[in-house]
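Q: Now for the letters of each chain:
There are 6 protein chains.
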Amino acid sequence: MKQDKPEFSHIAKSGSARMVNVSGKQPSHRTARAEAFVRVGRNIAEMLKREGGLAKGNVQETARIAGIMAAKKTAEMIPMCHPLALDAVDIDVTVGEDDVHIESRVTLEGKTGAEMEALTAAAVCALTVYDMVKSAGKGIEIGPIRLMEKTGGKSGRWTREEADDAAD
Amino acid sequence: MKQDKPEFSHIAKSGSARMVNVSGKQPSHRTARAEAFVRVGRNIAEMLKREGGLAKGNVQETARIAGIMAAKKTAEMIPMCHPLALDAVDIDVTVGEDDVHIESRVTLEGKTGAEMEALTAAAVCALTVYDMVKSAGKGIEIGPIRLMEKTGGKSGRWTREEADDAAD
Amino acid sequence: MKQDKPEFSHIAKSGSARMVNVSGKQPSHRTARAEAFVRVGRNIAEMLKREGGLAKGNVQETARIAGIMAAKKTAEMIPMCHPLALDAVDIDVTVGEDDVHIESRVTLEGKTGAEMEALTAAAVCALTVYDMVKSAGKGIEIGPIRLMEKTGGKSGRWTREEADDAAD
Amino acid sequence: MKQDKPEFSHIAKSGSARMVNVSGKQPSHRTARAEAFVRVGRNIAEMLKREGGLAKGNVQETARIAGIMAAKKTAEMIPMCHPLALDAVDIDVTVGEDDVHIESRVTLEGKTGAEMEALTAAAVCALTVYDMVKSAGKGIEIGPIRLMEKTGGKSGRWTREEADDAAD
Amino acid sequence: MKQDKPEFSHIAKSGSARMVNVSGKQPSHRTARAEAFVRVGRNIAEMLKREGGLAKGNVQETARIAGIMAAKKTAEMIPMCHPLALDAVDIDVTVGEDDVHIESRVTLEGKTGAEMEALTAAAVCALTVYDMVKSAGKGIEIGPIRLMEKTGGKSGRWTREEADDAAD
Amino acid sequence: MKQDKPEFSHIAKSGSARMVNVSGKQPSHRTARAEAFVRVGRNIAEMLKREGGLAKGNVQETARIAGIMAAKKTAEMIPMCHPLALDAVDIDVTVGEDDVHIESRVTLEGKTGAEMEALTAAAVCALTVYDMVKSAGKGIEIGPIRLMEKTGGKSGRWTREEADDAAD
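Protein chains in written order, with this note's numbering: chain A, 320 to 487; chain B, 320 to 487; chain C, 320 to 487; chain D, 320 to 487; chain E, 320 to 487; chain F, 320 to 487.
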């Protein structure tokens with residue numbers, strides 16, 4: 320992992336945690352895309368695909384809704400996050416062979432943000448998948464949860480793929 | 320991973336999501352312990368250890384507080400969780416060589432619970448560590464987030480260690 | 320409508336609003352069932368039934384989840400309601416010829432409650448149906464929202480049906 | 320009821336619920352006016368008018384405040400609603416012969432909204448009236464809750480009256 | 320002021336903040352009474368008394384409701400507070416010659432609490448009085464906010480009056 | 320105290336509480352600075368300074384974080400406050416000889432605000448200090464809580480110092 324800016328902007332010189340002051344910034348169009356995995360194991364993954372009819376997609380749909388609602392609560396949960404007016408939140412939940420894959424996308428126009436909102440959406444979506452399937456098996460793990468892409472703001476576009484290539 | 324109870328208690332026969340009815344259950348003493356990792360890389364880990372004086376521990380302390388407060392909000396975030404009166408929430412945050420390790424412990428007396436509360440505490444604590452250090456480097460990953468131990472309730476004590484041994 | 324207890328328990332002698340003091344009461348098993356209607360018109364009702372495959376039930380499922388989560392927030396929204404630990408919340412959403420019918424059921428063990436929780440669940444579920452379909456037509460109306468049945472507590476079982484019969 | 324836009328903007332092509340992406344929209348001045356009724360019966364209506372002195376208006380005032388506070392929580396309660404910065408919320412509560420009439424008015428400058436905020440304010444105001452008077456009589460009903468007027472945004476001004484005339 | 324227990328129970332041996340573990344405690348009946356003052360000055364105090372008719376008491380009533388609702392949110396605001404099911408919250412707001420006096424009373428049955436709930440109710444009630452009258456004059460001050468009486472729990476009954484006498 | 324604007328903008332002509340309509344206003348850069356005191360007594364003040372190592376500053380840091388998070392919740396707690404997007408919140412907590420001094424600073428760009436946000440941050444920070452040290456002594460008092468400086472908006476810059484000078 321490359322360290323591109325060697326300081327913690329959330330820690331004041333006095334050593335105390337603080338909200339970064341964004342009052343000098345201009346609002347800009349910002350997006351972030353994050354992903355999360357829930358390692359449910361082969362049996363639960365099959366159950367999630369098998370459940371048909373009306374039921375089909377209800378674990379996934381409940382988790383998606385929880386993730387979307389959580390994105391709106393990011394600043395309430397993460398102490399130093401700024402409250403932001405989101406333009407859009409969207410989440411895909413896909414069941415794989417032995418895991419559930421979550422992709423969240425957040426769009427907003429603001430002086431900061433989108434990254435923590437996308438990660439919070441993905442994390443709470445993953446926790447909800449866990450909650451919905453945990454009666455069918457213990458030992459489930461969540462992770463990795465990570466940023467995939469970010470656009471807007473001073474630092475412009477960042478993608479995990481290009482960052483990984485650069486690191487090679 | 321062993322599947323020990325092949326059904327989703329959060330999905331009704333009709334296929335809809337539901338809160339499990341716990342009205343027939345007796346309240347019992349319950350605990351859960353979960354862990355989470357934040358893969359911050361070697362540079363940030365060193366920065367987290369280096370910051371001395373008053374500052375020392377402020378990223379960690381902010382994250383701990385966020386995690387404790389999140390445990391109390393579990394039922395607000397996870398749609399099918401029951402609201403519970405927690406007896407205790409405690410979180411340790413330890414900086415390793417290239418990661419941050421989080422351990423959360425939740426105690427309550429109730430008809431259900433502790434597991435999702437401990438996982439939510441660990442997850443939001445991890446998201447807060449991420450938020451506090453993200454200005455110092457991109458590419459940080461969260462995970463795994465997982466249950467380590469659970470006691471109380473009908474199913475009694477479960478530990479990840481014993482479950483892993485049994486799976487060998 | 321029969322007036323069975325001619326006073327407002329939420330208004331103190333001084334005329335000010337207050338939370339009723341329930342400290343002398345014993346917790347008892349309580350349930351409440353409420354219903355709500357959303358008058359969406361024939362076209363939207365048909366659209367709600369027609370949408371097939373994965374989509375089927377997503378308006379309804381989103382509304383159900385919103386209602387369940389709202390039940391847990393009743394004491395936060397209704398100023399004089401007591402915070403209560405719910406044992407179960409369940410909601411059915413059924414699409415009729417020109418309306419959507421919502422039935423909510425709440426179970427808890429407490430010194431008061433269930434009635435406002437069931438009504439709040441039904442109301443927020445109805446508002447969410449409205450929000451999800453409003454792009455397809457204006458003029459939608461919500462109502463009636465009403466209690467259907469209540470058990471537990473000092474006053475015992477009450478059903479709308481029997482009350483209506485008695486009123487004849 | 321006329322169906323003027325035959326699709327659900329809150330349902331993605333994949334069939335999943337989503338927040339509508341408003342990032343391409345310009346903020347505009349928006350207002351919405353909604354109403355709700357609480358059918359309390361003749362006795363309670365008389366009690367509500369009779370209570371004099373300091374007390375006068377306290378059921379109504381408590382309900383108004385609950386409605387105003389709920390308008391600010393709309394995006395927290397209705398899963399696909401955008402968080403919005405409201406410019407004004409005002410509510411009138413009037414006691415009639417056998418019912419309570421609620422009118423809510425919301426003003427904001429945003430890319431979307433006002434309609435759900437006004438309806439949520441009216442609904443929670445009605446639920447609070449219900450809660451405050453329910454000790455004096457069972458069988459109370461809430462409804463209809465409905466939009467009366469909406470201005471701003473792409474679709475411009477809409478009033479229920481004109482829509483009803485057009486439908487004749 | 321007498322220091323009766325020379326340690327901070329909210330600080331663990333490691334120096335980190337923690338929720339005190341109350342799992343070994345038995346629930347008991349607990350009450351707390353707190354007061355707060357808002358120094359509004361003579362003019363505003365007169366205005367608060369003069370406003371007649373329906374309006375009379377609306378600043379006070381709005382503040383009372385805000386305080387009652389805040390008591391229910393204590394554990395959400397104060398990081399190390401336990402979530403508690405309150406049995407009753409009541410607040411009196413009295414306008415004096417040049418100040419507003421607030422008295423809050425909280426009753427609950429729990430393993431801890433009532434003290435912070437009563438203080439939080441009084442503080443938020445005072446902040447609301449401030450907000451409602453601030454357009455009529457700057458320089459308003461809040462305070463003191465303080466506990467007047469506490470009963471229940473291991474330490475039994477405490478009153479400020481007796482404590483002050485003992486300190487003489 | 321000088322009364323500079325003899326009316327309550329939060330009370331409508333009808334006497335009911337209302338949110339002031341800010342829709343005609345232009346957003347402007349606004350700041351507010353407030354302070355609060357916690358009278359903890361000499362013993363607790365010494366304990367707060369003495370606690371060394373990692374622990375040092377944890378009561379203060381927990382209180383700072385609680386205050387920052389509360390600033391973001393102002394509109395949720397104070398009924399007639401507008402929801403605002405804060406640009407920055409910062410809080411200093413200083414231990415004196417027998418008290419704890421809190422200074423909060425809030426920056427935002429909006430049509431109203433900053434004053435109540437700074438006061439709410441200071442008040443909740445003070446309540447948290449109280450909660451964290453109350454096990455070490457009863458009789459602690461909070462106050463005064465007061466605005467020190469305000470800039471932006473129609474009324475421009477106000478400082479307590481200049482106002483006090485003018486009052487002499």
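Hint data in this document are derived by calculation from the structure and do not stem from the laboratory. Treat the hints with care, since some could be wrong.
It does not matter which identical chain is meant; a pair holds if it fits inside one copy or across any two.
Cut-off 25 Å, straight-line C-alpha distance, at most; resulting in silico cross-link-like pairs (SDA-like, lysine to any residue) [unchecked claim]:
#1 Lys430 to Lys457
#2 Lys457 to Ser347
#3 Lys473 to Asn362
#4 Lys332 to Gly343
#5 Lys457 to Glu468
#6 Lys430 to Thr478
#7 Lys344 to Glu428
#8 Lys457 to Glu422
#9 Lys344 to Lys430
#10 Lys332 to Ser347
#11 Lys430 to Ala331
Q: Please sort Lys457 with Ser347 into within, between, both or neither, judging by C-alpha distance up to 25 Å.
A: between (44 Å within a copy, 20 Å between copies)
Q: Under a CA distance limit of 25 Å, which applies to Lys430 and Ala331: within one copy, between copies, both, or neither?
A: within (20 Å within a copy, 28 Å between copies)
Q: For the identical chains here, do Lys457 and Glu422 meet the 25 Å Cα criterion within one copy, between copies, both, or neither?
A: both (24 Å within a copy, 18 Å between copies)
Q: Given identical chains, is Lys473 near Asn362, meaning Cα to Cα at most 25 Å, within a copy, between copies, both, or neither?
A: between (46 Å within a copy, 23 Å between copies)
Q: Within, between, both or neither: how does the pair Lys457, Glu468 come out at a Cα-Cα threshold of 25 Å?
A: between (32 Å within a copy, 11 Å between copies)
Q: Given identical chains, is Lys332 near Gly343, meaning Cα to Cα at most 25 Å, within a copy, between copies, both, or neither?
A: within (19 Å within a copy, 39 Å between copies)
Q: How do Lys332 and Ser347 come out at 25 Å by Cα distance, when the copy is not named: within, between, both, or neither?
A: neither (28 Å within a copy, 28 Å between copies)
Q: If the cutoff is 25 Å on CA atoms, where do Lys430 and Thr478 land: within, between, both or neither? Let me know, please.
A: within (20 Å within a copy, 28 Å between copies)
Q: Since the copies are identical, ignore which copy is meant and state whether Lys344 and Lys430 lie within 25 Å (CA to CA) inside a copy, between copies, both or neither.
A: both (6 Å within a copy, 18 Å between copies)
Q: My question is about Lys430 and Lys457: at a cut-off of 25 Å on alpha-carbon distance, are they close within one copy, between copies, both, or neither?
A: For Lys430 and Lys457, the Cα distance is within 25 Å only across copies (19 Å; inside one copy 42 Å).
Q: First find the shortest C-alpha distance between Lys344 and Glu428 inside one copy, then the shortest across copies, and answer within, between, both or neither for a cut-off of 25 Å.
A: Result: close both inside a copy and across copies, 12 Å intra and 11 Å inter.
In this structure, the one hint that does not hold is number 10.
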